[in-house]
Amino acid sequence: MVRKAVIPAAGLGTRFLPATKAQPKEMLPVIDTPVIQFVVQEAVDSGIEDILIISGKGKRAIEDHFDRNFELEAQLRSKEDEAMYNEIRRLSDMAGIHFIRQKELNGLGDAVWYARQHTGDEPFALLLGDTVLDSAIPVTRQLIDVYEQYRGSAIGMETVPREKVSRYGILGGDMVAARIMAVRQFVEKPSTDEAPSNFAIAGRYVLTPGIFQAIEKTSRGKNNEIQLTDAVRLLSEREKVYGCAVEGKRYDIGNKLDYIKTTIDYALKRPEFRAETLAYMKAAVLRT
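In the numbering used here, the protein residues as written are 172 to 459.
To be clear, the hints were calculated from the coordinates, so they are not data collected in a lab.
Heads up, the beta-carbon is just placed ideally off N, CA and C, and yes, glycines get one too.
Do not rely on the hints blindly, as some may be mistaken.
Claimed, not checked - Mimicking DSBU-like on lysine-lysine, the simulated pairs with C-alpha atoms at most 30 Å apart in a straight line are:
no., residue 1, residue 2
1, Lys427, Lys360
2, Lys393, Lys228
3, Lys393, Lys411
4, Lys453, Lys411
5, Lys453, Lys420
6, Lys360, Lys432
7, Lys453, Lys432
8, Lys411, Lys360
Said to hold, decoys possible - Derived CB-CB ranges, DEER-like:
no., residue 1, residue 2, range
9, Leu262, Arg333, 39 to 45 Å
10, Asn257, Ile202, 14 to 20 Å
11, Ala348, Arg391, 33 to 39 Å
12, Gln288, Lys388, 37 to 43 Å
13, Ser362, Asp429, 20 to 26 Å
14, Gly218, Glu258, 19 to 25 Å
15, Arg186, Glu319, 53 to 59 Å
16, Arg458, Glu244, 41 to 47 Å
17, Gln384, Asp235, 34 to 40 Å
18, Arg458, Arg322, 53 to 59 Å
19, Gln384, Ile259, 38 to 44 Å
All chains, please: the whole structure from these sequences, using the hints.
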């Protein structure tokens with residue numbers, strides 16, 4: 172059973188400067204909801220209630236977001252805004268959320284290493300804090316199902332255009348079922364010629380505790396950092412690792428254009444914004 176989740180959220184968010192100079196990129200709002208709230212909600216909707224967030228310097232706003240704010244609650248109650256009061260109270264009750272700081276930014280593999288005492292000898296879900304996945308069945312739940320069926324680590328993957336493989340960690344291997352790959356190759360941001368496929372890692376994992384031994388043995392890779400992709404490659408030499416082509420749409424909030432697209436898509440999902448957003452988009456197209 173997968174009971175715990177880990178959310179790395181320690182990066183500096185340099186691609187979103189100056190907006191991220193004084194706020195975490197994970198707190199950037201999609202309309203009125205911070206990105207990391209979508210990520211936590213996905214874990215909760217997947218049946219997980221114990222979540223560890225790996226934060227860093229300047230990330231206190233994440234902790235505050237999931238903590239109680241008694242003054243704000245009192246003000247909302249005095250205004251009889253019961254709906255918003257309930258929403259704000261819900262944030263602090265979503266799950267048991269814990270925090271630990273990554274002392275130095277030494278890569279995603281190093282960030283995951285900080286979770287070893289919290290997760291112990293249990294498998295755990297890993298959700299990147301700057302990636303939103305919109306799906307009917309939560310993507311983390313899809314990976315938990317793969318883990319429970321195959322008893323091996325599961326990595327969410329998506330197909331990307333061949334010319335864009337250099338932006339992602341790419342997986343290669345043998346398909347053992349519809350949407351399921353027995354992974355044998357892991358390449359971090361390969362050239363088009365080096366890529367074993369166009370299946371990219373989609374920012375979601377379910378990992379066995381063996382990943383910590385693998386991280387411990389992982390040498391620094393690209394950017395002189397400990398890459399999680401390299402650690403999972405070592406893990407696959409001792410254990411089965413599977414890729415699952417996830418059903419859902421992935422939004423990389425670390426990318427400015429994707430952030431714009433995410434905001435538009437989520438505005439179109441909201442009944443109170445849909446009609447006016449569509450009208451504005453049509454008018455904008457006519458103006459160009």
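To see whether the hints hold, each was checked on the structure:
1. Lys427 x Lys360: 19 Å, holds
2. Lys393 x Lys228: 23 Å, holds
3. Lys393 x Lys411: 25 Å, holds
4. Lys453 x Lys411: 50 Å, violated
5. Lys453 x Lys420: Holds, because 24 Å separates the two Cα atoms, which is no more than 30 Å.
6. Lys360 x Lys432: 23 Å, holds
7. Lys453 x Lys432: 15 Å, holds
8. Lys411 x Lys360: This hinted pair holds, its Cα atoms lying about 22 Å apart.
9. Leu262 x Arg333: 39 to 45 Å: With Cβ atoms ~41 Å apart, the hint holds.
10. Asn257 x Ile202: 14 to 20 Å: 19 Å, holds
11. Ala348 x Arg391: 33 to 39 Å: The hinted range 33 to 39 Å holds for Ala348 and Arg391, with Cβ atoms some 35 Å apart.
12. Gln288 x Lys388: 37 to 43 Å: Cβ of Gln288 to Cβ of Lys388: about 19 Å, so the range 37 to 43 Å is violated.
13. Ser362 x Asp429: 20 to 26 Å: About 22 Å separates the Cβ atoms of Ser362 and Asp429, which means 20 to 26 Å holds.
14. Gly218 x Glu258: 19 to 25 Å: Roughly 22 Å apart at Cβ, these two residues keep to the hinted range, so it holds.
15. Arg186 x Glu319: 53 to 59 Å: 36 Å, violated
16. Arg458 x Glu244: 41 to 47 Å: 44 Å, holds
17. Gln384 x Asp235: 34 to 40 Å: 35 Å, holds
18. Arg458 x Arg322: 53 to 59 Å: The hint (53 to 59 Å, Cβ to Cβ) holds, given that Arg458 and Arg322 are roughly 56 Å apart.
19. Gln384 x Ile259: 38 to 44 Å: With Cβ atoms ~42 Å apart, the hint holds.
This entry does not satisfy hints 4, 12, 15, going by the numbered hints stated previously.
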